[in-house]
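Student: All chains, please: the whole structure from these sequences, using the hints.
There are 2 protein chains.
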Amino acid sequence: MEAKWITALKSTLGEKYVRTAVVDRHSYSYDGSFGEYVPEAVVQVASARQVSEVMKIANHYRVPVTPRGQGTCLSGGPLPVYGGMVLDTSQWPASIEVYADDLIAEVSPGTLTSAIHQEVEAYGLMYPPDPSSAHVSTIGGNLAENSGGPRGLKYGVTKDYVIGLEVVTPEGEITRTGGRTIKNVTGLDITKLIVGSEGVLGVITSATLKLIPKPKAVQTIMVAFASMETAGRAISTTLTSGILPSKMEFIDHACVQAVEAYEPSGLPQDAEAVLIMELDGHEETLDKELQEILTIMKQLEATAVQVPETAEAAARIWKARKMVSPAIATIKPTKVSEDATVPRSQIPLMMKKLGEIREKYEINLVVFGHAGDGNLHPNILCDERDQAEMKRVEKAVEDIFQAAIDLGGTLSGEHGIGTMKSPFMENEIGIAGVDLMKRIKQSWDPNNIMNPGKIFAEPGQRLVLSRE
Amino acid sequence: MEAKWITALKSTLGEKYVRTAVVDRHSYSYDGSFGEYVPEAVVQVASARQVSEVMKIANHYRVPVTPRGQGTCLSGGPLPVYGGMVLDTSQWPASIEVYADDLIAEVSPGTLTSAIHQEVEAYGLMYPPDPSSAHVSTIGGNLAENSGGPRGLKYGVTKDYVIGLEVVTPEGEITRTGGRTIKNVTGLDITKLIVGSEGVLGVITSATLKLIPKPKAVQTIMVAFASMETAGRAISTTLTSGILPSKMEFIDHACVQAVEAYEPSGLPQDAEAVLIMELDGHEETLDKELQEILTIMKQLEATAVQVPETAEAAARIWKARKMVSPAIATIKPTKVSEDATVPRSQIPLMMKKLGEIREKYEINLVVFGHAGDGNLHPNILCDERDQAEMKRVEKAVEDIFQAAIDLGGTLSGEHGIGTMKSPFMENEIGIAGVDLMKRIKQSWDPNNIMNPGKIFAEPGQRLVLSRE
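Line order of the protein sequences matches chains A and B. For the first sequence, counting from 1, position 422 maps to 602 in my numbering; every step adds exactly one. For the second sequence, counting from 1, position 52 maps to 232 in my numbering; every step adds exactly one.
No lab work stands behind these hints: they were computed from the structure. One thing to keep in mind: the hints can contain errors.
Heads up, the list lumps identical chains together, so a pair's fine if it works in one copy or across two of them.
Heads up, simulated DSSO-like pairs for lysine-lysine below, C-alpha to C-alpha not over 27 Å straight-line [said to hold, decoys possible]: (1) Lys-394 / Lys-478; (2) Lys-499 / Lys-396; (3) Lys-571 / Lys-502; (4) Lys-396 / Lys-515; (5) Lys-190 / Lys-618; (6) Lys-502 / Lys-515; (7) Lys-468 / Lys-396; (8) Lys-236 / Lys-618; (9) Lys-502 / Lys-396; (10) Lys-390 / Lys-532; (11) Lys-390 / Lys-468; (12) Lys-196 / Lys-532; (13) Lys-468 / Lys-394.
Tutor: Right, here's the structure in full:
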């Protein structure tokens, strides 16, 4: 017999928006991270009113609700770990209303982030956050996870561009936070509390985004180094020179090799480390900054420098950078992708520690990422069918987290805590810090139905990558 | 007989740090806003450990604790409205540690904000938030109130530059939030929840601030207009031209007159409205942007344009802008200073509504403020001994709040809710929105001892400016 809550949902939303077929449920059982959890139903919503009705039914029947955009999350946010329903916002019609005079846009949660980029550029404006998944991920997911991306260095992350939200609370109230002004200190900052809360505090049903004038010109630079160490010095010398690049990406030797094997892209194959930078601003200024950077790179014994002269040539370099993730995924069946982040000055030390971890656990560990803001992506390439290897990977991941924390960094720069990192939160922020977060969760969601199993560890929970 | 909690504080902190003399208590009974509340004791602290001990004693004896920096607050944050103790952080030794490589600084709460500006500039860096009170207010107060300032337009506000905090919770736990990296998504964003929480969620004992490279050049421009309307169009034409000034300040005719009477400063006395702008960036770029702005101003029939050629001449203009607040304070005994904020495009409409409110209630209402981000400062000049006038002022203030909300704006852009605006919060964010905030407060501070009487209205509370 059908569960009462499913019947209630069907009569409220209409039968076809409540999917319970095995094939549908399995389609919503995974994301871009690790693990599979099959929900009891998939519920498709397209308005705040509908979300409110769903939350009220869920509360009445005490059924877990796990919101989901396009499921590209790398930390388990959309995984229905306690069953119940996945709340699918991917069918919510895209909507982008630009208010150019006010330098803002109102967007619906199901809108692809790249569509926002395109739309606001037509007004000479820019929405800076640029997660690598922008062309396939929804803004709703970006908001829930506070997505980052290469431009974080100069422009910050998703949260820095959200000034207002419409949110449905865990108990089904539709509420507005913040507003349409850059300055707003009316009450506690619920907007920034909800952005990045990974779906445990409510469902975002609309967002007001802050925009900036689009820079008039951009210039890409690619530089190769014969050692990690010189690349590390190039990063810190550039960043203390007074120049703030809009992007500063790092790719190690193994990632370069993987990209060139996967799809030859013209990356310097003999380099131990490659930096790809982008400057943006006025044309006159860019040329001056470019010359300064070339001087720095020469002093630091870069082995090769490429300054693409056309937009197409620059786009090829950035495409090669985007290839890293899919390319390394072909090396072995399983990819464990981390985003431990350290203060910029600690990048060379973190690189050294990552090298030691690779040796110690005999794992295939490659590194790329957003060097300019210390947000590295160590990726471990492994095979989840190999129990012994996965045990070593678990230990390596723990060591990576601890290394980042020891260097004054964080467990997660942009992917989120989700299911896998929750056992480590106390190491970084202490018992009292986690307790403050739990009190908020408890006070807003007393029945614990809003994305349960995320960010807070169960007693005794630990990282498990092997299938025991 | 001395209250037990005072005895406990004296034995913990030392007698001289717990002040109970009438003169001391009266010195801490007011701030830059309205009203006087005499605390039972003033407690001077200089470490997180001491704050923790104070909070534990306060919890044990259920005594209100009101944190205070230099008391320049314009919304009542440091007023001990329910008595108890004022927690004075102004004697906390200033401390600014700059980590130039990481583009961050660690500061103690008692540090003057202008000292931070100076210190980081020595490293070629900038801490952008610049409340007009920076030379007399502490960073602790700025953090509690999420202070803004002229640079909000381009650079955002205090919150945008805080990436980590040390906080003592209402129950006396010392905890760390955020960290030293720009990207950090480990758990809920407690950092940005506490910044701007007006002392109701905890006591900030240390902060990690994000810095940026200091712009290489700045250029000031002062423009006079024969009408509000043309000034309004100049603001929006400039902001949609692709140029983002670092400051864009507005002064109305009455404010100009007041400044020139108070201290002749060379402001254009016949102007109906004056805009003072600052561009920053590279020298080459500034010149180009300056020419574009001059063209816009000519098209919009500016009656006078001044482009100061020396840093001293520019400083004189900005000093005149800073004179507005003290100058208008001399017009009548009482100054009611508001900070209602609207989306930029609504500035001309808001100016019109303010004119109507001035007529309707026959009040002396002048306007200046941060036009670029819609953050106006309507100031009502009155005499608090005149009961009839104050009744009209109360109604005018209510109308100002409602006008801002009706135009898609907010009650408060940068001063905070404090004591006076709490009755209006529900108008802006609804009952459900206020309820979410109250739940957080209740879950963190079950005994309600942390700055009670702030931001949340008592049942039936309304704005009272007259002394009944």
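Student: Between Lys-190 and Lys-618, at a C-alpha cutoff of 27 Å, which is it: within one copy, between copies, both, or neither?
Tutor: Neither way: Lys-190 and Lys-618 sit 33 Å apart in one copy and 34 Å across, limit 27 Å.
Student: When Cα atoms must be at most 27 Å apart, do Lys-236 and Lys-618 count as within-copy, between-copy, both, or neither?
Tutor: Both: 22 Å inside a copy, 21 Å across copies.
Student: Go through the copies and call it for Lys-196 and Lys-532: within, between, both or neither, with a Cα cutoff of 27 Å.
Tutor: neither (54 Å within a copy, 51 Å between copies)
Student: Measure nothing new, just compare the shortest in-copy and cross-copy C-alpha distances for Lys-394 and Lys-478 to 27 Å and report within, between, both or neither.
Tutor: between (31 Å within a copy, 25 Å between copies)
Student: Between the shortest in-copy and the shortest cross-copy C-alpha distance, which are at most 27 Å for Lys-499 and Lys-396: within, between, both, or neither?
Tutor: within (21 Å within a copy, 33 Å between copies)
Student: From the Cα coordinates, with 27 Å as the cut-off, is the pair Lys-502 and Lys-396 best called within, between, both, or neither?
Tutor: within (24 Å within a copy, 34 Å between copies)
Student: My question is about Lys-502 and Lys-515: at a cut-off of 27 Å on alpha-carbon distance, are they close within one copy, between copies, both, or neither?
Tutor: Only inside one copy: Lys-502 and Lys-515 sit 16 Å apart there, 57 Å across copies, limit 27 Å.
Student: Using 27 Å as the alpha carbon limit, work out where Lys-571 and Lys-502 are close: within a copy, between copies, both or neither.
Tutor: So Lys-571 and Lys-502 fail the 27 Å test inside a copy (29 Å) and across (64 Å) alike.
Student: Cα distance capped at 27 Å. Does Lys-390 pair with Lys-532 within a copy, between copies, both, or neither?
Tutor: Classified as between: cross-chain Cα gap 26 Å, same-chain 38 Å, threshold 27 Å.
Student: For Lys-396 vs Lys-515, is the C-alpha pair at or below 27 Å within one copy, between two copies, both, or neither?
Tutor: neither (38 Å within a copy, 44 Å between copies)
Student: Classify it for me, Lys-468 with Lys-396: is the Cα-Cα distance of at most 27 Å met within a copy, between copies, both or neither?
Tutor: Intra 15 Å, inter 13 Å, cutoff 27 Å: intra and inter.
Student: How do Lys-468 and Lys-394 come out at 27 Å by Cα distance, when the copy is not named: within, between, both, or neither?
Tutor: Close inside one copy (20 Å) and across copies (17 Å); limit 27 Å.
Checked against the numbered hints above, the structure violates hints 3, 4, 5, 12; every other hint is satisfied.
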